[in-house]
Amino acid sequence: MTVPVLIAFSAACVLGAVAAWRARPDDGWPLVAILQMLSSAIVIGALIVAAEAGGSAARTLGLLAIVAGSAGLCGGFIAALRFGAPPEP
Amino acid sequence: MEDMTPTVLTGWSLAALLFAAALLVPSALRRRAHLALAAMVVAGAVTLYSHDVMALPHICAALITGGAIGLALGRGVPRSALPALLAGLIGLAGLAALLLGGAAWRDPHAFGLLDDATDRLRVDAAAAMAAVIAWGAMACAGAASILRRGPAGRGHVLTGGVMLLATGGLVWAFAATPEVGRLLACGGAALFAGRGLTKRAMDAGTGPALALIGGFSGWAVAASAFLMENMAMAVAGGLAGAAGSLFCARLCGGPGRKGLADAERHP
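Those protein sequence lines, which keep their order, are chains X and U. Sequential numbering of the first sequence, starting at 1, is according to the numbering used here. Sequential numbering of the second sequence, starting at 1, is according to the numbering used here.
Don't read these hints as lab results, they were simulated from the structure. It should be emphasised that the depicted structure is a prediction, and the values quoted were computed from it without experimental measurement. Treat the hints with care, as some may be off.
Partial list, derived from the structure: chain U residues whose beta carbon lies under 8 angstroms from chain X [claimed, not checked]:
1) 24
2) 36
3) 74
4) 89
5) 107
6) 176
Think of the CB as a built atom: it goes at the ideal place given N, C-alpha and C, for glycine as much as any other residue.
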């Protein structure tokens, strides 16, 4: 399983570098908003931890991680929509 | 670890394509945000499908609670404070990485991180765990530095560089001999490294600093992917880590820094 993950990670690094290289400085805020949403993928790992943890301490940490990651994802999505909306008069 | 059935593989591939499209497709930000959210929903659904979930009600409650907090934060802040909100949300992702690393340290047996022969942490798992803690701490410290907006001095930059080297050494030391003291020292050194490097990026503006801590958080997601052996997280983490780090390097070092760098005038 580690080799497919490593291949996917390497390909993603190349694509990410291409995206950063192609971006103009004026594209910065959209890029930062999308980066924030991508980094909220930590909630997937938190789901795995909360689902598979045997002990109560580990499960509690996993559930707290889900709360933090989910707040980041939803807040980042709303922030991205507001960034994309035309300025209020 | 999940089984790689055709359904799971299809789900991971779809999530990876949507993640890449969210970053690379040249379209409006709203459409890209919808693509990223769709990717996250697909990845979450495949994760729940492919694992033995023992606490589904608790997980649903945590997801709803976090979603409500995020909704209140996203709707509640004024438009001029959206950059600070983004910094806080990236810090939350770093905090989640710290909690995830702590949970893996507390219960390594549940995630298959122990060596069958010696019943100790495997070297690769220990390195990934220390990397999760280190990158998560750097994202948290960077977000706190952006929110506090203090002046950057030469000492901060020097401390950041030295502490980055120390963090790398401590990750290696923890991988060789997994002890809780080394893990805590790794997290502590990473806090100073994240603070110093973010202060250096803030010399060029809030935008490059946000891209940098987005990169830190992305690398934490990628390290978590190797810890949990999850392909969707590897793709999202690699995309965010590489894009954030390189974009920050371009804006801090290149001549075309105008636009993002003067963050106070945006949005």
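Outcome of the hint check:
no. : hint : in the structure
1   : 24   : holds (5 angstroms)
2   : 36   : holds (4 angstroms)
3   : 74   : holds (3 angstroms)
4   : 89   : holds (5 angstroms)
5   : 107  : holds (4 angstroms)
6   : 176  : violated (19 angstroms)
Of the numbered hints listed earlier, the single one contradicted by the structure is hint 6.
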